[in-house]
Amino acid sequence: MRSREAILNAARELLLGSGPTAVTHAQVAERAGVGRATVYRHWPQTEPLLLEAMATVPMPFLDKPTAPTQDWLRRELTAIASQLELDDVRAVSTTLANAALWDETMDARRARFAGILTDRLAAALDDAQARGEIVLTLPSREAAAMAIGPMYYRSTIERAPIDSTLIDAAMAALGTWSET
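Read in order, the letters of the sequence shown are residues 1 to 180 in UniProt numbering.
In case anyone wonders, no lab produced these hints; they're calculated from the structure. Virtual Cβ for every residue (Gly too), placed ideally from N, Cα, C. Watch out, some of these pointers could steer you wrong.
Said to hold, decoys possible - Restraint-style ranges between C-beta atoms, simulated for each label pair: (1) ARG159 - SER18: 45 to 55 Å; (2) THR165 - GLU5: 40 to 50 Å; (3) LEU16 - PRO44: 18 to 28 Å; (4) ASP127 - GLU5: 16 to 26 Å.
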């Protein structure tokens with residue numbers, strides 16, 4: 001049990017410090033002070049280890065909105081897009097979506113992740129609408145699917161880069177932004 005916790009802590013530290021590509025069996029074993037075989041015993045493949053480490057890392061996206069909301073949202077979507085272009089993030093996100101179909105624990109993680117993004121973006125857009133920054137054309141709780149969905153599709157299904165044109169189109173689909 002102690003080695004499992006040490007491995008998860010090491011994976012989380014590597015993830016936060018160097019990104020998903022740093023979470024390898026060798027690097028995790030070295031950071032945790034355990035043998036590589038111990039890491040493989042608990043997680044024979046990297047994706048489940050990365051998924052478990054990600055589940056315990058604070059969600060940085062769409063957190064702490066600032067005004068003007070349009071600029072903040074463009075920065076946040078650009079950050080999400082850059083993460084989705086990493087092969088490891090692509091692999092983890094598709095593994096999570098796939099595993100959630102059959103595994104209740106994974107489905108709970110998926111729901112938690114989606115709920116955080118939905119809640120944060122909905123609150124930011126509701127506040128922006130109250131300030132007159134945007135007139136939403138859809139319920140704010142649908143915004144995450146409308147804004148992040150096209151980027152996820154582009155990244156995982158098309159395996160193509162996410163450019164500013166797609167981000168701008170996703171933002172425009174949310175509503176009419178004020179000119180100020």
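Does the Cβ distance between LEU16 and PRO44 fall inside 18 to 28 Å? This hint holds: roughly 24 Å between Cβ atoms.
Just tell me: holds or violated, for the beta carbon distance of THR165 and GLU5 against 40 to 50 Å? holds (45 Å)
For the range 45 to 55 Å, tell me whether the beta carbons of ARG159 and SER18 fit it or not. violated (23 Å)
Is 16 to 26 Å a correct range for the gap between the Cβ atoms of ASP127 and GLU5? Hint violated: Cβ distance 39 Å, outside 16 to 26 Å.
The structure shown violates the earlier hints numbered 1, 4.
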